[in-house]
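**Q** Chain L is already provided as a structure; the job is to place chain R on it using the hints.
Here is what each chain is made of, one letter per residue.
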Amino acid sequence: MKLGQEGARQHWAWIALIGLTLAVLGARDSLDALMVFPDAWVLPMTDWFNAGMDVVVAQTGSFFRGVSAAMSVPMGWIRGLLQWMPWALTISLLALASFAVSGWKLALFTALATFYMVLIGYWPESMNSLSLVVMSVPMAVVIGFFIGTAAYYSARADHIVSPTMDVLQTIPVFAYLLPILLLFGFGPVVGLIASILYAVPPMVRNTTLGLRRVDPEVIEAGMMAGASPSQMFWRVRVPSALQQILLGINQTMMAAFSMVIIASIIGGTADIGWEVLSTMRKAEFGESILAGIVIALMAMVMDRMTARVATAQTPGDAPEGLWARYRYWIIAVGMTLAILLLSRTFPFLQRYPEAWEVYPAQMLNNWLTFVLVEYADTIKSIKTLSLFYIMLPVKMGLEQTVSPFSWGFALTPSLKMGYAGLALALAGWLWFCGRINVALLVAGLAILFYFGLTRLPWPSVMGVLILLAWQAGGMRLALGAGLGMAFLLLVGVWPQAMLSLYLCGIAVVLSFMLGTVLGILASENETFSAVLRPINDTLQTMPPFVLLIPFVMIFKLGDFTALLAIISYAIVPAIRYAEHGLRNISPEVIEAAKASGATRWQILWRVRLPLAAPQLMLGLNQTIMYGIAMLVIAALVGTNGLGQRVYIGLSNGDFGTGMIAGIGMAIIAMIADRMTQAYSRKVQPAAR
Amino acid sequence: MTKSHPGAADGSDIRLSCRNIWKVYGKNPERYFSKDEDVADPATLVRRIRDDGAIPAAADVSFDLRVGEIFVIMGLSGSGKSTVVRCLSRLVEPTHGRITLNGDDLLAKSAKEMIKIRRHKIGMVFQNFGLMPHLSVYDNVAFPLSLQGESKADIRAQVDNVIDLVGLRGREKSYPHQLSGGQQQRVGIARSLAVDPDLWLLDEPFSALDPLIRRQMQDEFLRIQNDLQKSIVFITHDFLEALRVADRMMIMRGGQVVQTGTPAELITNPVNDYVAEFTNDVPLARVLTAAEVADAKGQRDDGLKRVAAETPVETLLPMLAEHPDGLIAESDGAPLGLVTAQSVIAALARHSGQSADTIGQAGT
Chain L
1 MKLGQEGARQ HWAWIALIGL TLAVLGARDS LDALMVFPDA WVLPMTDWFN
51 AGMDVVVAQT GSFFRGVSAA MSVPMGWIRG LLQWMPWALT ISLLALASFA
101 VSGWKLALFT ALATFYMVLI GYWPESMNSL SLVVMSVPMA VVIGFFIGTA
151 AYYSARADHI VSPTMDVLQT IPVFAYLLPI LLLFGFGPVV GLIASILYAV
201 PPMVRNTTLG LRRVDPEVIE AGMMAGASPS QMFWRVRVPS ALQQILLGIN
251 QTMMAAFSMV IIASIIGGTA DIGWEVLSTM RKAEFGESIL AGIVIALMAM
301 VMDRMTARVA TAQTPGDAPE GLWARYRYWI IAVGMTLAIL LLSRTFPFLQ
351 RYPEAWEVYP AQMLNNWLTF VLVEYADTIK SIKTLSLFYI MLPVKMGLEQ
401 TVSPFSWGFA LTPSLKMGYA GLALALAGWL WFCGRINVAL LVAGLAILFY
451 FGLTRLPWPS VMGVLILLAW QAGGMRLALG AGLGMAFLLL VGVWPQAMLS
501 LYLCGIAVVL SFMLGTVLGI LASENETFSA VLRPINDTLQ TMPPFVLLIP
551 FVMIFKLGDF TALLAIISYA IVPAIRYAEH GLRNISPEVI EAAKASGATR
601 WQILWRVRLP LAAPQLMLGL NQTIMYGIAM LVIAALVGTN GLGQRVYIGL
651 SNGDFGTGMI AGIGMAIIAM IADRMTQAYS RKVQPAAR
Chain R
689 MTKSHPGAAD GSDIRLSCRN IWKVYGKNPE RYFSKDEDVA DPATLVRRIR
739 DDGAIPAAAD VSFDLRVGEI FVIMGLSGSG KSTVVRCLSR LVEPTHGRIT
789 LNGDDLLAKS AKEMIKIRRH KIGMVFQNFG LMPHLSVYDN VAFPLSLQGE
839 SKADIRAQVD NVIDLVGLRG REKSYPHQLS GGQQQRVGIA RSLAVDPDLW
889 LLDEPFSALD PLIRRQMQDE FLRIQNDLQK SIVFITHDFL EALRVADRMM
939 IMRGGQVVQT GTPAELITNP VNDYVAEFTN DVPLARVLTA AEVADAKGQR
989 DDGLKRVAAE TPVETLLPML AEHPDGLIAE SDGAPLGLVT AQSVIAALAR
1039 HSGQSADTIG QAGT
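These protein sequence lines map, in sequence, to chains L and R. Its first residue numbered 1, the first sequence is counted upward by one per residue in the working numbering. Its first residue numbered 689, the second sequence is counted upward by one per residue in the working numbering.
Isolated chain L, as found in the complex (with noise of 0.2 Å):
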């Protein structure tokens, strides 16, 4: 009874807020103030933070500037000494560790992967990224790992923390950047320090969760073998939790190397991600995909390597005897001694001669030349058709798409009218047949297709977030989401928050839907799953920026190269949680649902994706996460918003607004978590 009343004041906010909306629009000459933010109610927040951070780096950049120059002597060693280490030896030793932990596969693609960088003559940019990684994931470690223990042990710490890493996880990558570079002044320590933070985050929910996870009866039978409290720790919970920790190394691994990709563009590191972005602006796609192929290798054999360690089963019986438990040691000694004397007679085993380099980037340029030029016809179609169909009827609505250049008609006052009685006679007979979301939702949607979402009044959109997030997880989310929005809207940036929302949303919709289909069908079929996987597995451990290169080559610069790139990187969760959420679903249910006589059709719409919507959601939700991640990196070629505009300010060194899109992100970033989330929740009964 509740609930129906509850139901229909929502269904009543909702037509108030539609009608609303049509009013304002239908006066919109003389409303301007609704229609776009008047500039003289926006805050002076970019000065504030400006003058801020210069008080900051006034004060503190001695200090700063102190730990930047500690921090690059070991640095330098860590450079020096994979640089001088002959080519050789670093992959014998790689291959060698590759073979310790897992076996002969895994050591050949490692010798193989690390070879083609010597190959392909990008050895010293590789050992350059490298050393940013050897030295920063040790540190996020140690340092992750002492977090998370303490968020364990104290539920007070546990309050700080879990927020401070959801916010250091969702504030887009480029923003980390800016403070960095003002305090720490320019050079590899920005990397070092900028992967340091960005990698700490998944180091510390995975040692909390990993000491949460401990067996109770193993800590009682711990406790009742007489451990002390140290004892505890050291011998009973920290090894009964290692795998877990192992994985988060890994994640930890990933992520830094991510961010020194990243890094890169502020330039001075002459690394591989450098190669990449250079190469890319000056549009040598050869050269480019060759250096980016070379991320993509690191990024594997990192991730293999890492990944393997952390899954492996304890070995059948425990070793015994000096050369089986460091027989490993021993080879790699002897490796190193042999092969730093060897490279003294043969000098090509520590440099590799130039002359024997396979550089082929010119022939890769010809071949995409040839294909762009065979094939522009197609290439443009499809960007043209996407462009005026898809994009740009939700920026900026069918009232300004629509005409004979785009569409190849003009639109008439009665196609307007036509337009909008069969939207009106959709919803009215969709709210007659008793389907009132279905029927609101068609309304909206034809609202948003023929104005667009930028021209939209912005107290629409507020109140369209507002109501959503008020039925997902009720007035404290409402209030947040409001609050969130007054700080676009104050700081002045929401005309760029609503272009990223347009792109991110679009890709948002599509990966969601093209994911959820890969999903069901690999749940499905085995053979199809299996071939699925190893693409998730390398779309989903290559640093986003690699993903940009094939799209840019193709589409050139632009909205739809951005989307491309962002549906390529935000799809796999979709098709995880898909295939994850409909293959976990008890046999026995779907026995007995073919017992009662269910048609497949009918098992997959009305028990198994019914059943699997709470993991559905949380897919959503890593959906939208990963889209609004990969906005930013897309501002690399070139999309308007709040991602070119955190780009700007950190190429002008202009703190205050690089900061305040990135905050600006962050909270679209959050909404959309907090209300996927409860939204989650909200079907989580159902699912029971």
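None of these hints come from the bench; they were simulated from the model. The beta-carbon is built from N, C-alpha and C at its ideal position, and this holds for glycine as well. A hint or two may mislead.
[Said to hold, decoys possible] Here are the in silico distance ranges between beta carbons for each label pair:
#1 A592(L) with I901(R): 29 to 35 Å
#2 L795(R) with W323(L): 24 to 30 Å
#3 N716(R) with L168(L): 52 to 58 Å
#4 E591(L) with N968(R): 34 to 40 Å
#5 N716(R) with I648(L): 54 to 60 Å
**A** Coordinates of chain R only, in the frame set by chain L:
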């Protein structure tokens, strides 16, 4: 079924004494108790605690464990038996009450002293084994010893000893995940015995095992106990298991003690319907002994074969077939009465009739 155990019942042979133990979960549970006074009316207090929305997980639990005795605490899930056994080693801190081990007040010990006591005096076996997944069988068993920093040779001697005792020789290098449930619990048993404890706590040790393995492990357990003569608190939810291993047992419900006594006392003399319902399914022939089916007024012909008082009816029946005139039940040489087919049937009828009555009462 009075198994013999050493020592007399005069308090000097009490290993563990547990007096009026309470464990209350809720907001500041101490307010229900005053420090030195015992609770006058436990039943009323339990109701008050529940009304406040707190949970009395253990309420006024008292028992004594004699040296060399197997004391079983039996109850269904949520009856408080696991809470009680954890109070005994202070894995769970009792809210109120007294516990003494070898006459020593356990609740007065500091955390450091408690660690010492756990290292040397108490061993515990867990329902899901509680093995360290990252340690081999040998290292798991050696774990309590290695925490004390004993020398490797000492550890090896003690570990070898208990590994032989539980029959794990040859599996020392395996890891827990490579073992079956029964084998894993052998590791758990070996680990708990490695320090040669005075008090041995077993928390549903066989409940996670298959019925056949469970039976086998119970036999093993009794064999080990026959050798070691430990003082044991054994937790189970399985009434038949309790009957098999118990010298004495205590039935719990809702945190409170329902009845304490020997298995035979519980069966022949249940205090209420709750206890009686457990005894319904019990195969009487296995529980009733010669003493209980003997007819004391029967004619005592000294020519008849003599049987020990604790012989179960199960064993008597084939003997009766061979000696149709009857048998004499005796205790320490003194005859107790005449056992005939007639007296056995009468006793069985008496006991099952009683059960049938209690069912009838429960239905109304």
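**Q** All hints, please: hold or fail.
**A** Now for the hints, and whether the structure bears them out:
no., hint, result
1, A592(L) with I901(R): 29 to 35 Å, "holds, 32 Å"
2, L795(R) with W323(L): 24 to 30 Å, "violated, 53 Å"
3, N716(R) with L168(L): 52 to 58 Å, "violated, 38 Å"
4, E591(L) with N968(R): 34 to 40 Å, "holds, 36 Å"
5, N716(R) with I648(L): 54 to 60 Å, "holds, 58 Å"
Checked against the numbered hints above, the structure violates hints 2 and 3; every other hint is satisfied.
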